[in-house]
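Student: Next come the chains, spelled out residue by residue.
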Amino acid sequence: MSGNDGGRFDRIAPDSTQQTDPHRPHRAAICAWWADRFGVPDSVWRGHSFWEKGKGKLWVFAGEVADPTPVEALGMRFMRVRQEHWKPSTNAVQRFGHHATRNVIRLSTAETRRFVAGESIDRPAWEGDWGYLIAATPVAGRTVPLGVGLYLHGELRSTVPRGRQRSL
Amino acid sequence: MELVDRYAPVTDDPDAFRAACARPLPTTVRVNGLKAATTAATEALSAADVGATPSAWSPMVLRLDTNAAGGTLPYYLGWIHGQEEVSCLPAHVLAPQPGETVVDLAAAPGGKATHLADLMEDTGTIIANDVNLGRLSALRHNTERLGVTNLIVTHQDGRHFSLKPLGGDRPVDRVLVDAPCSCEGTLRKSPHIVDGWDPDGYRGLQPVQIDLLSRAVELTRPGGVVVYATCTFAPEENEAVVDAVLRSHACSVDPITLPAGFEGSPGLDQYDAMRFDESLRETVRIYPHQNDTGGFYLARLRVDG
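Chains as they are written, first to last, in our numbering: chain A, 299 to 466; chain B, -9 to 295.
If we strip away everything but chain A, and leave its shape as in the complex, we get (with noise of 0.2 Å):
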């Protein structure tokens, strides 16, 4: 199995030895993504399998299959690769993001309605890396993530899916 098949779901290969798409990252490429640019340790993936659908979709499964061509998902969406900058999902970010220790852009609750609204939130002051940052708000005594927003020249921009935009 060779090159990638947009229709069907393929395992991510554990390391670049065993990859058959130069182009697919393996999974160790993501896993020190996760590690490098949010601080998510290695552990959290450990119960986890990666696939690719679509291109450079990538879905997170803990479950078990022999073969996922039939299946409309597998998992969840966790992620786009075979982009210059790889982007995280709402939903994982929401799921996995609690483990993240940087690049987590803490909002007021009245950013926070912005934010889940799609709104874009000026922010001229941040000390951390601009693209895809966690937003975070706090809720019951923590801070919780929202999602994914993008950081650039003092602003960031909700990414929030318009089918998971809520006016609050």
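Treat the hints as calculated values from the structure; they're not laboratory data. Treat the hints loosely; a few may be bogus.
These stretches of chain B come out as covered by chain A in the derived footprint (C-beta under 8 Å, 3 or more residues) [claimed, not checked]:
1) 32 to 41
2) 56 to 65
3) 105 to 118
4) 134 to 145
5) 149 to 157
Even for Gly, the Cβ is constructed at its ideal location relative to N, Cα and C.
Guided by the hints, dock chain B onto chain A, whose structure is given.
Tutor: Just chain B now, with coordinates in the frame of chain A:
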């Protein structure tokens, strides 16, 4: 004959049944334990000016003082899922264990399948199937919003469902059949159920229900468990379906123990001219007045070795 008139005499308290059927249904949500504990969900709802009270039988089922919880932060976060209180019972009664393989034959839009994932702590494998392609997108959306990662979505006719296309047969520990039905038990939230009631509405449904439950039993490993659930009162869609499958397949009724604080009535062993196996009394009917919910039916079957 009206819908309520047909079933009132069968219940333990006909007057209370009639009165409850005329009242609107309370709004309830299920707390998604994969993302939040009840205390956190209740606190977050309170911050959104929504009052939430745990149900008498489960801390994970909250009754709300509004029907507009969809616009709150805990909903956005996938901490809660709008789910009728009785619809939280099938997963409890199936009682899947972490690490098991479980099939939900008619899973969309996914309230019960995601509840199974919660009880399994997002481990093992859930195969959530539905024949209706349009409803699969709702199933996928709910699965992802609730943070479930142990679930496969398949699109097959549940009556002929097979695991072979997924790389061969494997032992299935439990199967849920939340069957398509005439939905009489949803009359408190859907008045058209009463107005448009057709006493013969079961005729097109019963063969499908029998085929789905038969397939569920065939899929399940010896010693495994099948739960059959409907949101309807009609014995033709409940006891008659289970009775038919008991006769044709090697399985038996496993008595249901409802959670403490939840009331139910025994299944029927006869209705009009119909006679059912006496073990059908170990299945459960839930009437709206018993717990201030919709109507429901549950049977738990053990597959023989």
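Student: For each hint, tell me whether it holds in the structure or not.
Tutor: These are the hints, each one checked on the structure:
1. Residues of the stretch 32 to 41 of chain B with a Cβ under 8 Å from some Cβ of chain A number 4, which satisfies the need for three, so the listed coverage holds.
2. Figure legend: the stretch 56 to 65 of chain B, annotated as covered by chain A; annotation consistent (6 residues with Cβ-Cβ distances under 8 Å, at least 3 required).
3. By the rule of at least three residues with a Cβ nearer than 8 Å to a Cβ of chain A, the coverage given for the stretch 105 to 118 of chain B holds, with 5 such residues.
4. Taking a C-beta to C-beta cut-off of 8 Å, the stretch 134 to 145 of chain B contributes 11 residues in contact with chain A, enough for the three needed, and the coverage statement holds.
5. Only when three residues or more bring their CB closer than 8 Å to a CB of chain A does the claim for the stretch 149 to 157 of chain B stand; here the count is 3, and the claim holds.
This entry satisfies every hint, going by the numbered hints stated previously.
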